[in-house]
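A.B. asks: Put chain B on the given structure of chain A with help from the hints.
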Amino acid sequence: MTHHLDGNVLAGALSEIFTADVTTARGRCAGCGRTSPLAEAMVFTDAPGLVARCAGCDQVLATFVDAGDRVMVSLAGLSAVELRR
Amino acid sequence: MSTEPAASTLARPRTRPAWHVATVAETRRETPTAVRLVLDVPTWPGSEAGAHLDLRLTAPDGYQASRSYSVAASTPAAPGSPGQVVLAVDEVPDGEVSPFLVRDVRPGDQLELHGPLGAFFVWRPGQSTRPVQLVAGGSGVVPLYAMAAAHAAAADETPFRLLYSVRTPDDVWFADELAALAGPTLALDLVYTRRAPEGTADVVGRLTRESFAARVLPAAERPRVYVCGSTGFVETVAGWLQELGHAAGDIHTERFGGLT
Numbered sequence: 001m002t003h004h005l006d007g008n009v010l011a012g013a014l015s016e017i018f019t020a021d022v023t024t025a026r027g028r029c030a031g032c033g034r035t036s037p038l039a040e041a042m043v044f045t046d047a048p049g050l051v052a053r054c055a056g057c058d059q060v061l062a063t064f065v066d067a068g069d070r071v072m073v074s075l076a077g078l079s080a081v082e083l084r085r
Numbered sequence: 001m002s003t004e005p006a007a008s009t010l011a012r013p014r015t016r017p018a019w020h021v022a023t024v025a026e027t028r029r030e031t032p033t034a035v036r037l038v039l040d041v042p043t044w045p046g047s048e049a050g051a052h053l054d055l056r057l058t059a060p061d062g063y064q065a066s067r068s069y070s071v072a073a074s075t076p077a078a079p080g081s082p083g084q085v086v087l088a089v090d091e092v093p094d095g096e097v098s099p100f101l102v103r104d105v106r107p108g109d110q111l112e113l114h115g116p117l118g119a120f121f122v123w124r125p126g127q128s129t130r131p132v133q134l135v136a137g138g139s140g141v142v143p144l145y146a147m148a149a150a151h152a153a154a155a156d157e158t159p160f161r162l163l164y165s166v167r168t169p170d171d172v173w174f175a176d177e178l179a180a181l182a183g184p185t186l187a188l189d190l191v192y193t194r195r196a197p198e199g200t201a202d203v204v205g206r207l208t209r210e211s212f213a214a215r216v217l218p219a220a221e222r223p224r225v226y227v228c229g230s231t232g233f234v235e236t237v238a239g240w241l242q243e244l245g246h247a248a249g250d251i252h253t254e255r256f257g258g259l260t
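Chains A and B supply the protein sequences, listed in that same order.
Taken in order, the first sequence gives residues 1 to 85; the numbers are from my numbering.
Taken in order, the second sequence gives residues 1 to 260; the numbers are from my numbering.
With the rest of the complex left out, here is chain B:
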């Protein structure tokens, strides 16, 4: 256990969002359609698990486009070392921003970031001892992975479960990291909607209210629930949660639209 008193975590002043210039340190293929970007950010103040940032691109003619991305992992800048931010970006066909980030960005390129952002969809260690149920659809796992990693790093003893719906085994984001986190403090449950790993007995197919109910913490345990995915996924899951008796105030949601 950390000897850091929980109160100092709670009382920590919230970091003001600011603009930062990031330099791409590394790009890595995350899934067949997504890339992981490791960014050096000399002014990054750190961020809470679940936070996001706005990434702004400027075209040579001055046209600007901005999109929000969840922070998968970050370390604050310290004397002698730049801060680091890890993002993962899915390519939206015909998008304005994501195809550039997935296909064209190279180490050494500079990007403008505004953050850290968002105090609603975050998990803080020591905040509560109630169990936590994470529910991810596709790339919606990014902020939930950040929460699971923060939970492990803080040696927080709150029970954590992650239900993660993906199309195929190739579409699992942060697959190695999640596998490493899975264990006594994180129950990891993958649902495959199109194709399961060979040799598994898992039924392939979308979640239904019944299969969902069987795989998440029951409302009687009063879990705090964090749901992130496409708008359709989140609204379906949030509806089921309420039907299953979870209080609206216990359900935290974040939607991504696959807009661009």
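Only chain A is shown next, with the shape it has when bound in the complex:
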């Protein structure tokens, strides 16, 4: 059984990439179509980086790997993101 947290824990890493707090943004899972705030994703922190998975279907939504002098970001599992102005 792997422990997971939730998308709230992404706020720090994401703030180094995006200007707004995107944990409140709603993302659509490319796997099952579920739309929910990123804060509600399951986040695994024991991988080499942060892995956000859909709470509905387990699909990997996004990954963030901090390699010191650069950061690698994948949002491949999100088919849409809605940001509030």
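Bear in mind the hints are in silico, worked out from the structure with no lab data behind them.
Quick caveat, the model's predicted, so the values are computed rather than measured.
C-beta atoms are modelled at their ideal positions from N, C-alpha and C, and glycine is treated no differently.
Residues from chain A that keep clear of chain B, each with C-beta distances beyond 10 angstroms, as calculated: (1) C32; (2) G33; (3) R70; (4) V71; (5) V73; (6) L75; (7) A76; (8) A80.
Output of the computed footprint for chain B on chain A, the stretches with three or more beta carbons under 8 angstroms from beta carbons of chain B: (9) 4 to 18; (10) 21 to 27.
C.D. replies: Leaving out everything else, chain B in the frame of chain A:
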């Protein structure tokens, strides 16, 4: 009532997270396994109730480890006075970060903080008049205590309830502060899972869906619900809330994993 118009609270620009160097001003035993840290942070901009920060430790060989902690209380820096941040940290056995914070940190030590963080799991005064139900498991009470304190400080008249599940009376975090907040504007309800205070008639044991339903605001009152605790606690409670008819969008959750 504050004369400050609610609109100014809502329109306040969100503080950009930044790195800060904190100096430990005071350490205090919170529970048998947890410590409260009072930090002086000369650059702290203040934070919303429920926000967290990332605390980073660097080993002599350069290895870094970072963990998220909820802010229990904070005051922004002002001319002539440093900002202050209060954290409470539970020791996770075999952890990388928490044993150091609980056992080894002393006044005068410096820590690196990144924050304030998190706009999802926050409560803002004046945002809504719907009642608020807080549900805490163990150390998950920290951001909810911050919300209850902010609610009292703002003299906000929204009804607040806190259901707080703890193992024993010795495991209550911010016990004195919560007791002081309890009253007409905060209904405080403690559930003891292992041992209740002597002389109380409370049944000892874990919450069940039925006992939970009897102790929280019903879905018909459309409360905004904030749940914080271990991942297992949060998922159980969030499941009950949905079964009891609360809309998913009204349930705000924050999980801590007890990872390290």
